[in-house]
Amino acid sequence: MGRAVLRRSVQMVITLWLVSILGFVIIQLPPGDFLTLLESQLEEQRLSSAQIESALTGLRARYGLDQPVYVQYLRWMSSLLRGDLGYSMALRADVNELLSERLVLTLVISFAAMVFSLALALPIGVYSAMKQYSWADYLFTVLGFLGLALPNMLLALILIFLAVTVFNASTIGGLFSPEYITADWSPAKVLDLAKHLWLPAFIVGFSSTAGTIRVVRAQMLDTLGEPFIQTARMKGLSENRVITRHALRVALNPVVSGLGLSLPGLISGETITALVLGLPTIGPLLLNALFAEDMYLAGSILVILSGALVVGNFLADLTLAWLDPRIRLVEP
Amino acid sequence: MTVHRRARVFSLLSVITVFAMILAGCGPAIAPAPAEPAAEPAAEEAPAAEMAGPEAPMLAEMVAAGTLPPLEERLPADVLVLQPEDSIGQYGGTLRGPHAWDVFFEQGLLQRLHNDRDTFMPQVAMGWDWADDFTSITFHLRAGMKWSDGHPYGADDILFWWNDIVQSKYNVQAYRVSGMNPETDTVVKVDDSTVRFEFAEPRPAFLVSSRGAWSYGFYGLPAHYFKQFHPDYNDTAADKAQEEFDKLRDVLHQNQWIVRDPNAPTVNAWKSVDYKEGQYVLFERNPYYFGVDPEGNQLPYIDYIEGLDKYDGDAELLKAKTLAGETDILFRVVRPSDFPVFKEKEEELGIQITFFDDVFNGRQTFMINQNYIGDAAISELLHTADFRRALSLALDRELMNESIHLGLGRPGHGFSPPGVFDEAIDGAYATQDFDAANALLDGIGLDQRDSDGLRTFPDGSQLTITLMFRSGWGIGSDETAEIAMDNWREIGLRVAAKPVERKLHSELLSANDWQIRLNPSTGGWTGYWRYGMALRQFARASNDWLQSAGEDERRGVEPQGKLRELADLQQLALQSLDKAEAQAAFHDYRVLLADQLFQIGTVANSPAILIINGKLRNVPGQVTPAAISQGESEYLRFEQWYYEQ
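Chains Y and C, in that order, give the protein sequences.
Under this note's numbering, think of the first position of the first sequence as 48, with each following residue one higher.
Under this note's numbering, think of the first position of the second sequence as 1404, with each following residue one higher.
In case anyone wonders, no lab produced these hints; they're calculated from the structure.
One thing to keep in mind: the hints can contain errors.
What the hints assert, rightly or not - Ranges of calculated distance between the beta carbons of each label pair, as one might list FRET restraints:
hint	chain 1	residue 1	chain 2	residue 2	range
1	C	Lys-1592	Y	Pro-77	45 to 55 Å
2	C	Thr-1869	Y	Pro-77	19 to 29 Å
3	C	Ala-1900	Y	Tyr-117	34 to 44 Å
4	C	Ala-1900	Y	Gln-75	43 to 53 Å
What you are looking at is a predicted structure, and each value in this text was computed from that prediction instead of being measured.
Backbone N, C-alpha and C define an ideal beta-carbon position, used for all residues, glycine too.
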């Protein structure tokens, strides 16, 4: 077990390193760089070409854009290893400062979405499997397909519309009430966050809920037909115990390994939702950074997101091993 | 059986529990809308509705408590007396909305544009004198004026900006100095409250180009505050000096320090007291603001400006927030197609919908490239006046007006200033007439048609024009392109759509590698009568040629024929020292443009929509018509807005 963990850790580091190279290259792929964009802006402001050139030369040297790409990468990487995520050229601020709280809120939303999604999907999936082809099963199936088909962005817009027209909501979007946005963290602020969190969590979690319901239902149907379930029932166990301890536990495997895989979906879903709902997370920041070719900001965000994904996968594997003795005992 | 029932109960219960949890979560957030959408702090802080003291109650309290000097000591000897738009106001309230940046951008300029968008009124400067030949301008500052922390404001602050930032040996980045050339022009201190800007060549347009949101720094910087960050004034090690200066420059970048650094003093009517990047900004009244109303009441009337910062906040969300009563002001993102939604809720929300003459947004205009570098035969067509006239004659502008602008605009080119429609200019070749268009095309040798019934070149080869546009740029870009392509097909022209994203657009533009494109502003009038002569919009290389007049080797392409005439008129209008001559040249420019149609307008005078809290008063446009444009809001004069209580 220990060796497996170690091996996975090394793999994780290598994966992250490859991702950082890939991310850096992808950001460089579109023609031009941050300064090309700045140049056209300066031109629109009617600066003379000599003024523009002197401005760009200075900035190019300052941000190291006059160096070859691999030197730029090495500079960025070496500061990344020291915990310095670089400097945002467009926002003129340290990436560390820009990211810290937004990253936490992004993870909070993704985690809340995951919890929400599981809390809803497990019971519904189990119920659907036990009452296969009942009207409730059909209803959940329809809801499930709807959830899979409806893009987050559209769902967010529909909910905003409903909130305004039907529920007469007095506050729309955001994660905090205005009085708490700049306040220090306190129980009241956490409560305020909780009040705002349900909407993005619902939107982000909706599609994965639908997917999970389908998986749980199918797995339960498979498991319920197995001989060991019959055995359990013959032993005189209560149906509750049969379902929770015997059937569900086995049916959970694909759900748990799916969780690790669903992380990127949750985070990208969060990005889109954040744009529509105006959430202070990394989504809007990433989009703007990509538009502006603000490569240190965009690159750092990509590496952090990938890091979250890789770690998430790792945790999912550990959980799986903990849940299922067959996986735990096989030493690869 | 019992087992089964219990299982069912278990499953159902868990489902119900989860739903209940969700509903419980919904509860607090979907509270009923407050019956009173007006700003909350107003109610507590200014109960005396008819109060007309010389200063805001919140400041009077501080004076009484001894934490603030009395008003006489805070105001300069020469105050700015600001005529209210409509009436003397009442103190109090919070202006909530996504436009906090507009409020601060309009503030703190040496001079401010009047509503006529032609003349200027004093602002931070009391007045100014031009040298006869426009090679220098002398600004007179207000004696005894103070920064928002009570420190005296004066010529030294402007000198600090010019000498220690713009001209600093550390400054490797261009400082945006509108209308000045940092290499040849100078700033001279005459005395503590007099400053002279000296130019290497006449700059008659200096007041225009140095005004508004773009005039970063003309009124100076709080030297006493920023010196602590400047390597020349603190004991920074030599090897850290450049880094230190770069950081300071970043803080000053686009004047964002006014918002982002709540410690930095300002001369604006409001000062930032709370800020969170990308999310939130709160401004509080500046107790040292130098403006008063005609009765001597210190401005501003409104206590707080609370806003979203600019990054997070999708247009649809901002509209929804307005519909939920969360904002007191919304413009720029409101489209004509949104009008019915707001109109329906007007009374319920207590909002007021105001129309402005739109300077920027509403005018999708086709630009016909006069410097196209591709196919010579197509370039020849783009150079042919009758071809451009035929394009214009084919357009169904009525349909564009109805479908995109809800009929609020007027079909035409929109070359004239907002609010003006000159039939001879804006209506030239602007009424749909397929016969006339066909005759023009036949007349220039495009009378051959292929098997699809579409026109070919005289030698029978296929003729395809591409129309480039940035999807979603400005109001109705995609719809306009679609209608136009249908119309042009009617007169036998095969036009291919080429939607591009922003960056490619900008690259094709600088390479002159496009044929016809759609631009959301005409360039016909972007804020001032001298401006808007936008040769570069349809003849970029020729404009480069004009711009590089003084350089050793001229860039670009020398304009010929009618384009040259137009270019000469533009230069005359921009450079003439005689205003009457310049204005006449600008008029002739528009007449010639309407005849030659290097750019073809679609719908003119579609209004900009401003949605405000119905209790707000003194908003320009409420009583008298006003114009509004993106990035310029100085004439909105927020400091004399007030809430009627």
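Results of checking the hints against the structure:
{"no.": "1", "hint": "Lys-1592(C) <-> Pro-77(Y): 45 to 55 Å", "in the structure": "holds (47 Å)"}
{"no.": "2", "hint": "Thr-1869(C) <-> Pro-77(Y): 19 to 29 Å", "in the structure": "holds (22 Å)"}
{"no.": "3", "hint": "Ala-1900(C) <-> Tyr-117(Y): 34 to 44 Å", "in the structure": "holds (40 Å)"}
{"no.": "4", "hint": "Ala-1900(C) <-> Gln-75(Y): 43 to 53 Å", "in the structure": "violated (30 Å)"}
In terms of the numbered hints stated before, the structure departs from hint 4 and from no other.
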